[in-house]
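> Letter by letter, the chains look like this.
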Amino acid sequence: GESVGLHLPTLSVQEGDNSIINCAYSNSASDYFIWYKQESGKGPQFIIDIRSNMDKRQGQRVTVLLNKTVKHLSLQIAATQPGDSAVYFCAENYNNAGNMLTFGGGTRLMVKP
Amino acid sequence: DAGVIQSPRHEVTEMGQEVTLRCKPISGHNSLFWYRQTMMRGLELLIYFNNNVPIDDSGMPEDRFSAKMPNASFSTLKIQPSEPRDSAVYFCASRTGEGQPQHFGDGTRLSIL
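As they're listed, the protein sequences go chains A and B.
Our numbering puts the first residue of the first sequence at 1, with every later residue one more than the last.
Our numbering puts the first residue of the second sequence at 114, with every later residue one more than the last.
In case anyone wonders, no lab produced these hints; they're calculated from the structure.
Some hints here could point you the wrong way.
Said to hold, decoys possible - When the alpha-carbon atoms are kept at most 25 Å apart in a straight line, the in silico SDA-like pairs for lysine to any residue are as follows: (1) A:42 to B:122; (2) B:181 to B:166; (3) A:56 to B:152; (4) A:56 to B:179; (5) A:42 to B:115; (6) A:56 to B:189; (7) B:137 to A:68; (8) B:191 to A:102; (9) A:71 to B:179; (10) A:71 to A:42; (11) A:56 to B:213; (12) A:68 to B:211; (13) A:71 to A:10; (14) A:42 to B:124; (15) B:137 to B:170; (16) A:42 to B:189; (17) B:181 to B:224; (18) A:68 to A:87; (19) A:68 to B:152; (20) A:42 to B:196; (21) A:42 to B:116; (22) A:42 to B:176; (23) A:42 to B:153.
Said to hold, decoys possible - Listed below are several chain A residues computed to face chain B (Cβ distance under 8 Å; list not exhaustive): (24) 32; (25) 34; (26) 42; (27) 43; (28) 46; (29) 55; (30) 100; (31) 106; (32) 110.
Values in this document were obtained by computation on a predicted structure and should not be read as measured data.
Ideal Cβ positions, reconstructed from N, Cα and C, are used throughout, including at glycine.
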């Protein structure tokens, strides 16, 4: 994902609607991807991960889609709730030894009641 | 289950002083990571350890920064002497092994005056 410095992209959704947060990753050799949620004053919280041999993975209310052709990752949140308001980061593992993550710049999700 | 524990949560000190940040990883996790987060640069990996051994410190900004992991349950990040540009939130993360998600602490908010 691209770093956008001071200006985080913001997605504003109505409570109950579905949210889709997108991320473009940089390295075609990346083989593991993670979505994190970060609330104010807290550390990034693991949401869901996906490996490059998959194109879709579902969790509780969340789905991650991976399109390796265009190096694109998305996080879908079903029935968005006020508690989902946070900054969401995608991270890619680009090191063949599997140790290092590169984080995108983040997207702020705002849920309107 | 206890997550990654960092201390202090907040630190305010004058430039030139030594700063020590502490981290207790999740029990059983054998990899530990130190990150720095700023508005301008996002999340940056500073250094990581595998089985208490530093593996990659290429993200450490200067010789003023040093990190140690004397045992599997404790790590420190030290800045000496500190400068105002070191002001940031510093996160520690740990994980069980390669291809597994990193779990973050809630960070130390460092302000250097």
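> Honestly, which of those hints from before does the structure not fit?
3, 4, 6, 7, 9, 10, 19, 22, 29 and 32
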